[in-house]
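J.: Sequence:
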Amino acid sequence: MTVPPGQQARTVPGTTLDFGASAVLPADAYRAEGATAMYTVTGITPGKDVPSAQTRGGTAYFVYVTVTSLAARPAPAPGVLGFAGSVDGRSAALTMPPSTSLADCANPKPPETMRRGESYATCLVAYADEGQKLRQVIYWADTTGDDALNYKASPVVWRNPADVASSSPAPSPAG
Numbered sequence: 001m002t003v004p005p006g007q008q009a010r011t012v013p014g015t016t017l018d019f020g021a022s023a024v025l026p027a028d029a030y031r032a033e034g035a036t037a038m039y040t041v042t043g044i045t046p047g048k049d050v051p052s053a054q055t056r057g058g059t060a061y062f063v064y065v066t067v068t069s070l071a072a073r074p075a076p077a078p079g080v081l082g083f084a085g086s087v088d089g090r091s092a093a094l095t096m097p098p099s100t101s102l103a104d105c106a107n108p109k110p111p112e113t114m115r116r117g118e119s120y121a122t123c124l125v126a127y128a129d130e131g132q133k134l135r136q137v138i139y140w141a142d143t144t145g146d147d148a149l150n151y152k153a154s155p156v157v158w159r160n161p162a163d164v165a166s167s168s169p170a171p172s173p174a175g
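With the numbering used here applied, the sequence shown corresponds to residues 1 to 175, in that order.
These are calculated hints, taken from the structure and not from any lab test.
Predicted model, so just to flag it, every value in this text is computed and none were measured.
Note that the Cβ used here is the ideal one computed from N, Cα and C, for glycine as well.
Incorrect hints may appear among the rest.
Estimated spans, in silico, between C-beta atoms of each pair [said to hold, decoys possible]:
1) THR100 with THR16: 30 to 40 Å
2) THR2 with PRO108: 34 to 44 Å
3) LYS48 with GLN7: 36 to 46 Å
4) GLY57 with ARG10: 37 to 47 Å
Dumping the calculated DSS-like pairs for lysine-lysine here, alpha-carbon to alpha-carbon at most 25 Å [as the list claims (entries may be wrong)]:
5) LYS48 with LYS109
6) LYS48 with LYS133
7) LYS109 with LYS133
Kindly generate the complete structure, drawing on both the sequences and the hints.
T.: Here is the structure:
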């Protein structure tokens, strides 16, 4: 992942991005005013081979995230706490690292430390209730009480632009 030069501005709560776009967010959800990292959500897909005991009648989805350090010096690897699959871009589905090895959802242990421009790719499993479809991914952490950092009230949302186009109402004929 290429990091633009200079200090990167933190992504504002409520921002909507397409899959493949990057957001600059807290590297540690519990230190929201501290270091930042660049997060690129590349997609969400229906999960395969997730044990039914884990889905409990619902559906599993795989959330794919690339994490890029913005630290000038070696620092602890940024985490992915606060990311979740979502039905509507506001509500978070239960989302966590896979509890078993899944061929289509690699979740390698991040490096101990990373520096600017170093990345790792990971996958999380989001669980949807029966009948729900997760099409978006949100960052929704709120750990500071600071409204400017309240991503829970106004999550950053990643979506597939094709889903937006297909859900738009058909234009009415001119007349």
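J.: Now tell me, hint by hint, if it's right for this structure.
T.: Hint check:
1. THR100 with THR16: 30 to 40 Å: Holds, since THR100 and THR16 (Cβ atoms, about 33 Å apart) stay within the stated range.
2. THR2 with PRO108: 34 to 44 Å: violated, 21 Å
3. LYS48 with GLN7: 36 to 46 Å: holds, 40 Å
4. GLY57 with ARG10: 37 to 47 Å: The hinted range 37 to 47 Å holds for GLY57 and ARG10, with Cβ atoms some 39 Å apart.
5. LYS48 with LYS109: holds, 21 Å
6. LYS48 with LYS133: Holds, at about 15 Å.
7. LYS109 with LYS133: violated, 28 Å
Taken one by one, the earlier hints fail for this structure at numbers 2 and 7, listed in ascending order.
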